[in-house]
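Student: Let's have the full structure, built from the sequences with the hints guiding it.
One line per chain: the protein sequences are A and B, in this order. Throughout the first sequence, residue numbering follows the working numbering, covering 1 to 96 in sequence. Throughout the second sequence, residue numbering follows the working numbering, covering 97 to 254 in sequence.
Please keep in mind that the hints were generated in silico from the structure rather than gathered at the bench. All the pointers check out, no bait thrown in.
With a cut-off of at most 27 Å between alpha-carbon atoms, the simulated BS3-like pairs for lysine-lysine come out as follows:
1. A:K77 <-> B:K201
2. B:K201 <-> A:K69
3. A:K77 <-> B:K163
4. B:K236 <-> A:K77
5. A:K69 <-> B:K163
6. B:K114 <-> B:K163
Label-pair restraints from in silico Cβ distances:
7. A:E66 <-> B:R188: 16 to 26 Å
8. B:K135 <-> A:D87: 29 to 39 Å
9. B:G177 <-> A:H86: 32 to 42 Å
10. B:R228 <-> A:G83: 29 to 39 Å
11. B:R103 <-> A:L73: 18 to 28 Å
12. B:G243 <-> A:H86: 34 to 44 Å
13. B:V218 <-> A:S65: 26 to 36 Å
14. B:G240 <-> A:H86: 28 to 38 Å
15. B:S123 <-> A:L73: 19 to 29 Å
16. B:R146 <-> A:G83: 21 to 31 Å
17. A:E66 <-> B:R241: 35 to 45 Å
None of these values were measured; they are calculated from a predicted model. Positions of the beta carbon are idealized from the N, C-alpha and C atoms, including for glycine.
So the chains spell out like this:
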Amino acid sequence: MGKDVFLQPDRGIYLKIRAVVRVVLRNPVDIHLQIYCKPLGAVREIVDGGKLVGHVKVSVISNVSEILKRGLLAQLKQIIPDGIVHDLLTYLGRGD
Amino acid sequence: MGLLRIRSWDIEDYERPKIRMGGREVSFRMLLGEIASSKEKLWIILPKSRRTNEQLFLLDLAIGIYKHQEVLPIILIGGVGEFEQELSQRMRVVEEAIHPLALDKIQHMVIYYPREGVDKGVIEDIANRIDRKIVVVVPKSDSGRLGKELGLLRTWLL
Numbered sequence: 001m002g003k004d005v006f007l008q009p010d011r012g013i014y015l016k017i018r019a020v021v022r023v024v025l026r027n028p029v030d031i032h033l034q035i036y037c038k039p040l041g042a043v044r045e046i047v048d049g050g051k052l053v054g055h056v057k058v059s060v061i062s063n064v065s066e067i068l069k070r071g072l073l074a075q076l077k078q079i080i081p082d083g084i085v086h087d088l089l090t091y092l093g094r095g096d
Numbered sequence: 097m098g099l100l101r102i103r104s105w106d107i108e109d110y111e112r113p114k115i116r117m118g119g120r121e122v123s124f125r126m127l128l129g130e131i132a133s134s135k136e137k138l139w140i141i142l143p144k145s146r147r148t149n150e151q152l153f154l155l156d157l158a159i160g161i162y163k164h165q166e167v168l169p170i171i172l173i174g175g176v177g178e179f180e181q182e183l184s185q186r187m188r189v190v191e192e193a194i195h196p197l198a199l200d201k202i203q204h205m206v207i208y209y210p211r212e213g214v215d216k217g218v219i220e221d222i223a224n225r226i227d228r229k230i231v232v233v234v235p236k237s238d239s240g241r242l243g244k245e246l247g248l249l250r251t252w253l254l
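Tutor: In structure tokens:
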């Protein structure tokens with residue numbers, strides 16, 4: 001999946017591709033980045049206008065499912081006693 | 097902000113209700129699949145069980161939607177007049193929790209459990225005002241009356 005991203009020098013950015021990944025630019029330059037992040041965890045080329053200008057390493061922070069769980073947990077902690085949130089997640093929501 | 101009075105031992109007593117759609121009994125997983133895949137915006141569930149079971153079903157549904165469909169439910173509990181305020185507040189909590197993702201970048205929907213006194217017009221009005229799919233679990237005290245009023249709306253009976 002191609003993705004256009006604008007990177008700042010020495011800063012990580014966040015992309016949503018098949019998961020949320022953090023891309024750290026090794027070269028301290030501003031570029032308009034077209035990056036291909038599959039598989040996750042790979043070192044990928046940074047191409048600017050068809051020219052190879054550097055590499056990035058794609059490291060997984062968390063996948064989308066884990067992020068959704070964070071969103072759900074934050075809500076459950078607001079509406080039911082904290083002590084039973086884990087039990088609820090374990091007991092409920094199971095299939096048939 | 098809406099709270100549920102659920103205690104740890106209530107969970108052990110929880111029994112998932114039978115789910116009927118158009119008079120036909122369907123599985124819980126089928127219900128989740130229907131809600132996720134359907135293009136219908138509004139779903140109304142009319143429970144026929146005791147209050148604790150009804151509230152646990154609300155959470156069961158929310159957790160099931162998250163686990164099986166990778167859709168984030170936004171759970172709202174409260175008075176009809178507080179709907180938009182509650183939604184806005186809950187969305188802020190969710191946005192903080194899922195950072196760096198934004199809510200509008202992921203699949204999400206609303207599961208709403210209003211306090212007693214909700215009627216057909218209010219449900220339709222809420223559904224018209226929000227731009228995402230919404231499942232309303234009607235309190236047991238209102239479900240009998242509402243069931244008769246909701247002739248044209250698609251509903252599930254538990």
